[in-house]
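Put together the whole structure using the sequences plus the hints.
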Amino acid sequence: MSAVIDDDAVETLLKCFWEDGYMIMPKVFAAEMITTVRAKIEADDESKTLDFVSIFKEVGSNTFDEFRKMAPLNRKAYKKLKDEATLLIKKFHMRWQPKEWVALKSLPGGEEQDPHRDIPAAKRARSSPRFKPGLSLA
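Numbering (this note's numbering), first residue to last: 10 to 147.
Computed cross-link-like contacts, DSS-like style, restricted to lysine-lysine with a CA-CA straight-line distance of at most 27 Å:
1) LYS24 <-> LYS99
2) LYS78 <-> LYS91
3) LYS89 <-> LYS49
Derived by calculation from the structure, the hints in this document are not laboratory data.
Written as structure tokens, this is what we have:
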């Protein structure tokens, strides 16, 4: 189960990232991996579930956004996903070495803000009309 991305798509995705602040990469991770991770996130087992906390509305502010949450992927249960995501990042820039991965959760409502904005529905629909996004990593 390895993350897969076409080498030709890297330049286009990087352009999107620098212009829009995010990239949508449909079908990059195997469906089995996403299903496994989502099951762990939703499990009742404390050793596998994620501890989501509110994030800042804006970088450097003291105000938290109750609609945007994140949880560090620091448990062994998420090692495979972190390893695959790190390999994927190296395709974009060999010297990037993420120190921490977090899962993001966006609840309905709230304001759109620059650092952690929602991906517009129209953009999601264009990228993958048949599938809903399964997981956001930051």
